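Engineer: Chain by chain, the residues:
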Amino acid sequence: MARTDKELVEALRAGDESAFAAVVSRHHDGLLRLARRMLPAAGVAEEVVQETWMAVLRGLARFEGRSSLKTWIYRILVNRARTRARREGRVLPFSAMGQEDDQPFEPERFDASGHWKEPPTDWDDSPQGMLMRKEVKAAILEAIETIPPRQAVVLRMRDLEGLSSEEVCNILEISETNQRVLLHRARHKVRTVLEHYLAGDSAP
Amino acid sequence: MKNCQQIAALASAYADGELSGVEWAELRMHLWLCPPCRKYVEQIELTREVLEKLPTDEVPQEVQSELLGRFKQWVADGAPAEDDPFDE
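In order, the protein sequences belong to chains A and B. Note that the first sequence covers residues 1127 to 1330 in the working numbering. Note that the second sequence covers residues 139 to 226 in the working numbering.
Calculated from the structure, these hints are not laboratory results. The model shown is predicted, which means the values in this text are computed figures rather than measured ones. Even for Gly, the Cβ is constructed at its ideal location relative to N, Cα and C. Keep in mind that a hint or two might mislead.
Cβ pair distances, simulated, as ranges [what the hints assert, rightly or not]:
#1 A:1192 - B:156: 20 to 26 Å
#2 B:208 - A:1248: 30 to 36 Å
#3 A:1129 - B:180: 32 to 38 Å
#4 A:1252 - B:206: 36 to 42 Å
#5 A:1288 - B:206: 37 to 43 Å
#6 B:161 - A:1233: 17 to 23 Å
#7 B:161 - A:1169: 43 to 49 Å
Subject to a maximum C-alpha distance of 30 Å in a straight line, what follows is the list of computed DSS-like cross-link-like pairs (lysine-lysine) [claimed, not checked]:
#8 A:1196 - A:1315
#9 A:1315 - B:140
#10 A:1196 - A:1243
#11 A:1196 - B:140
#12 B:191 - A:1132
#13 B:191 - A:1260
#14 B:191 - A:1196
Please take these sequences and the hints and turn them into a complete structure.
Structural biologist: Shown next, in the form of structure tokens:
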């Protein structure tokens, strides 16, 4: 059975290698993929994730369980990424929020009066079925790599990692409204990818 | 009254239960009357479900070993702590 956060933290503090291996295998890939969208220069995300793991260990004594261990680790990652960007004289994508957020939603799918020009078509598969198809899974991952970084970061934290809206706003220092717009635009793009594979006749 | 485009833009907030009472009621009414928007919201919910189930990649062996080495070092050093892990 999976250990609770409290048990994991106690095991880590006691130097239990299997606990560390478990935490790394659970979160490393997600942390790295998120960091790459914030810090795209080659090798930088890898370094920041390494630093994050060390900061996690050195900070364990102060982990109070007010958030989940996962949320706490992601908070450390984003703060490290911010520090790193600042040191290199740059800012994370989040400081430049807001330009695209006022534009009308997906204008090509709607007519001038806001009615569907191309209504959604039926899908012929379940989520489990979709993920069984290698090409669908690869296309979803590719979509998450290619959507704008702010959308990708919010999508990863909310849907892939399961952080709450409040936690994400808090960690990224963005407003609820911004977060909502970014998340929906990201989901919409992934939905468009799924539509391409699942809308009956349109074989890729 | 919101049109389909404005309704679709709120689909995630609706699906996540993050709309205010008034907006929620307006969406609910629209969806009741509008099959394409209803289908769109369902597909956004399915998309969220697919994303939640998306498996992560395994950590490469050399990265595992490198990190485990650092962990052992940290333990050997007496598990040093730092005041604020959020800052450098």
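Engineer: Each hint should be assessed against the structure and marked as holding or not.
Structural biologist: Structure-based check of each hint:
1. A:1192 - B:156: 20 to 26 Å: With Cβ atoms ~22 Å apart, the hint holds.
2. B:208 - A:1248: 30 to 36 Å: Given about 51 Å between the Cβ atoms, the range is violated.
3. A:1129 - B:180: 32 to 38 Å: Hint holds: Cβ distance 36 Å, inside 32 to 38 Å.
4. A:1252 - B:206: 36 to 42 Å: For residue 1252 of chain A and residue 206 of chain B the Cβ distance comes to about 38 Å; the hint holds.
5. A:1288 - B:206: 37 to 43 Å: Given range 37 to 43 Å: violated, Cβ gap about 26 Å.
6. B:161 - A:1233: 17 to 23 Å: 22 Å, holds
7. B:161 - A:1169: 43 to 49 Å: 45 Å, holds
8. A:1196 - A:1315: 26 Å, holds
9. A:1315 - B:140: The hint holds at about 22 Å.
10. A:1196 - A:1243: Cα-Cα ~42 Å, so violated.
11. A:1196 - B:140: 38 Å, violated
12. B:191 - A:1132: 25 Å, holds
13. B:191 - A:1260: 14 Å, holds
14. B:191 - A:1196: 17 Å, holds
Violated hints, listed in ascending order, are 2, 5, 10 and 11; each of the other numbered hints is respected by the structure.
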